[in-house]
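Peer 1: One line per chain: the protein sequences are A and B, in this order. Here my numbering is used: the first sequence runs in plain steps of one and ends on residue 158. Here my numbering is used: the second sequence runs in plain steps of one and ends on residue 580.
Worth flagging that the hints you see were computed from the coordinates, not collected in a lab. Keep in mind that this is a model prediction, so the values were computed, not measured. One or more hints might be untrue.
[Claimed, not checked] Quick list of in silico lysine-lysine cross-link-like pairs, DSSO-like style, CA-CA up to 27 Å:
hint	chain 1	residue 1	chain 2	residue 2
1	A	K73	B	K517
2	B	K369	B	K308
3	B	K420	B	K363
4	B	K355	A	K56
5	B	K317	A	K63
6	A	K63	B	K163
7	B	K333	A	K63
8	A	K3	B	K333
9	A	K67	B	K363
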Amino acid sequence: MIKHTISVLVNDQPGVLQRVSGLFGRRGYNIESITVGPSEEMGLSRMVIVTLGDHKTVEQVSKQLYKLIDVIKVVDLSAGAMVARELALIKVNAEPVKRPEILGVIETFRASVVDISPTAMIVQVVGNSDKIDAMVQLLEPYGIRELTRTGVSAMTRG
Amino acid sequence: MSIEEREVLSKEEVRAKLLQPDVISGSEILLRCLLLEEVECIFGYPGGAVLNIYDAMYGFANINHILTRHEQGAIHAADGYARASGKVGVCIATSGPGATNLVTGIATAFMDSVPLVVITGNVATNFIGTDAFQEADITGITMPITKHNYLVRNVEDLPRVIKEAFYIASTGRKGPVLIDIPKDVSANKIPFHHVDKVDIRGYNPTVMPNKLQVNKLIQAIEQAESPVILAGGGVVYADAQEELLEFVEKTQIPITTTLLGLSGFSSAHPLWMGMPGMHGTYTANMALQNCDLLIGIGARFDDRVTMKLSAFAPKAKIAHIDVDPAEIGKNVKTAIPCVGDVKTVLAVANQTAKKAKSEAWIKHIDQLKAEKPLRYIKSDSELKPQYVIEMLSDTTNGEAFVTTDVGQHQMWVAQYYKFKNPRSMITSGGLGTMGFGFPSAIGAQMAHKGRLVISVNGDGGMQMCAQELAICAIHNIPVKIVVINNQVLGMVRQWQEIIYDNRYSHIDLSGSPDFVKLAEAYGVKGLRATTNEEAQQAWQEALATDGPVLIDFQVRKDENVFPMVTAGSAIDEMIMGDSE
Ligand SMILES: Cc1cc2nc3c(=O)[nH]c(=O)nc-3n(C[C@H](O)[C@H](O)[C@H](O)COP(=O)(O)OP(=O)(O)OC[C@H]3O[C@@H](n4cnc5c(N)ncnc54)[C@H](O)[C@@H]3O)c2cc1C
Ligand SMILES: Cc1ncc(C[n+]2csc(CCOP(=O)(O)OP(=O)(O)O)c2C)c(N)n1
């Protein structure tokens, strides 16, 4: 089983997310993450879906997606070189005495602090999923109060 | 348009009238668009959310609407109409319970790629999402069982949506499309502008095959010594019978037809081996297991055909012609994929197709046919279900339209009715929907008014849509309704006998109505037969009757369908039932 990142260009129609996610659920394909937003063309949205599966499964996923009338184009980004990025917001315990230490950790990741309250701060980190996993792991000892990740957005290089 | 007008106007004049840019309601737009799509009949059932539409129908003489007695009857009738005619079947129901009553029928059509346009009403747009009276999210519910569906929020969209729905339903791999119309949309009035072109960016079915793949197929055929064709529903849906016949004769390849492919190739042809799979013939199954080249033509290698997949056609190189790329390689590893419409692909292939080296193989197959034909133990004292089906086949020369319900009788029809004509076998294969057999025959008869339509049902399934007897009586729809009455849920009984060690659990149908009286209660002629002679007499009487007739054939209860391959076995591991 390998991780595949698939980009799906769809009509920006009510229900289209339901059609796509429903197809994955019904046919037993897993969804690790899914992101949706406007694309470069008016009226079309782009979804980026990260799924686990062997080559045959991903081929079926792609063929089944094409059968949806609202799906315009499906690309397996992971078949070539791609840029994949994810954003995470991490609310971490940060008593004043701990702050310098935490800021040190953050800096090495080129992450930034986007909010500070008396006992906590919100860290924003952008990168591939491994980088975010690592950031989370390093902040865990301080006590993570809340974590939210966007899921992967991606496109091919070049 | 009034009745008088319809009678004096020519077809073109009617069309011109329908196209006029009058200010009309969504309901009238719907009816006009249906007529412009040349819809001949609609099966439906009214209710609150479609009252506007039914009001527009009042006095709209061109619309031939048939009021069934249950929405399930309506959709199976539309399905039978579509399967028998090749045109799009249309049905209509109200919101909520009306719409959900269609669900089984939609799934039935979806599984077997049947083109339907299903119209439902819904609550007004400002009520959607509020749990309003009789609100159901029918587009959400039917997403996995429609080829596409629409919730129309603006009356302006209606002409385009209807055009697209018919186009999507009837092209590529066909299937049901649902249009959900909220009550305000069917009421709102706008000037009518007909849409006669479709432009759907995300939908471009491939019709023409890749020439390279076709050439590969032709080469593979020339080298093959023991080739087999597995032809399926796709041949029937594409109306490719002639192309298939030419292909078979040119290449000299023995052919087996799936349950849904029966009638796509004449049962009278010497190269035909019968149906494959779970209840397939010995010859077809042995041929599949021993072939060196297997050409799937509009068949999706369903699990009732392949049975144990890992042991299926172990020696074969597989070629697959299918309009749906997702079917290729889905179940079996495919060496030669040919994406395209069966009719077109075969027409291209026929230009250069040559004979396979199949003389010895054909001899071998003829030998198998002679050694192990389909057989059952005949009886003079008891009426056997297979006897009844053979009688139907012989007396009609295999030329009737036959619809079936689901169960043992369905398999006996597949085995013993020798279909000759395209689209003449109408059965629910993929979903296996009990209750389909009788209403679908009403639809088939609507499509072929002058032809003989026989509906073969079990005594179980007959009771799932028996209410539609009313429709046969009222409209004098002359379907010959056959009940193979074995007093049990026969197919379930067979599994319980063979697989569950005679533990018969809830299969007894005693308490069923007297079917003859039931028919008569609706005004349909009823006949009964309990012996071979009575069967012949009753059937002759039915054939000689102009209107609908129900014949209750009381048959032996313990009869089993053989050959049988049980789940988990390979198709050459058949239980032949010789000892019965
Ligand atoms: C009780 C019971 C027992 C059964 N036992 C058996 C059995 O023993 N043997 C058996 O064969 N079946 C049996 N069936 C039926 C079985 O479940 C399947 O429905 C059937 O085998 C599927 O047949 P198919 O693949 O030919 O047709 P479909 O399922 O209709 O598939 C048609 C294929 O053709 C393609 N296609 C459609 N249109 C075109 C076109 N224009 N051009 C090219 N391709 C096209 C489609 O994409 C699809 O792949 C049984 C069913 C029941 C209910
Ligand atoms: C709606 C539905 N419910 C249940 C089944 C499961 N099922 C398949 S065959 C069968 C028995 C059918 O009995 P009958 O109609 O008497 O036909 P027979 O097998 O006796 O010919 C049943 C219950 C089904 N196919 N469809």
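Peer 1: Work down the list of hints and note, for each, if the structure agrees.
Peer 2: Now the hints, each set against the structure:
no., hint, result
1, A/K73 to B/K517, "violated (59 Å)"
2, B/K369 to B/K308, "holds (23 Å)"
3, B/K420 to B/K363, "holds (24 Å)"
4, B/K355 to A/K56, "violated (34 Å)"
5, B/K317 to A/K63, "holds (23 Å)"
6, A/K63 to B/K163, "holds (25 Å)"
7, B/K333 to A/K63, "holds (16 Å)"
8, A/K3 to B/K333, "holds (23 Å)"
9, A/K67 to B/K363, "violated (43 Å)"
In terms of the numbered hints stated before, the structure departs from hints 1, 4 and 9, listed from lowest to highest.
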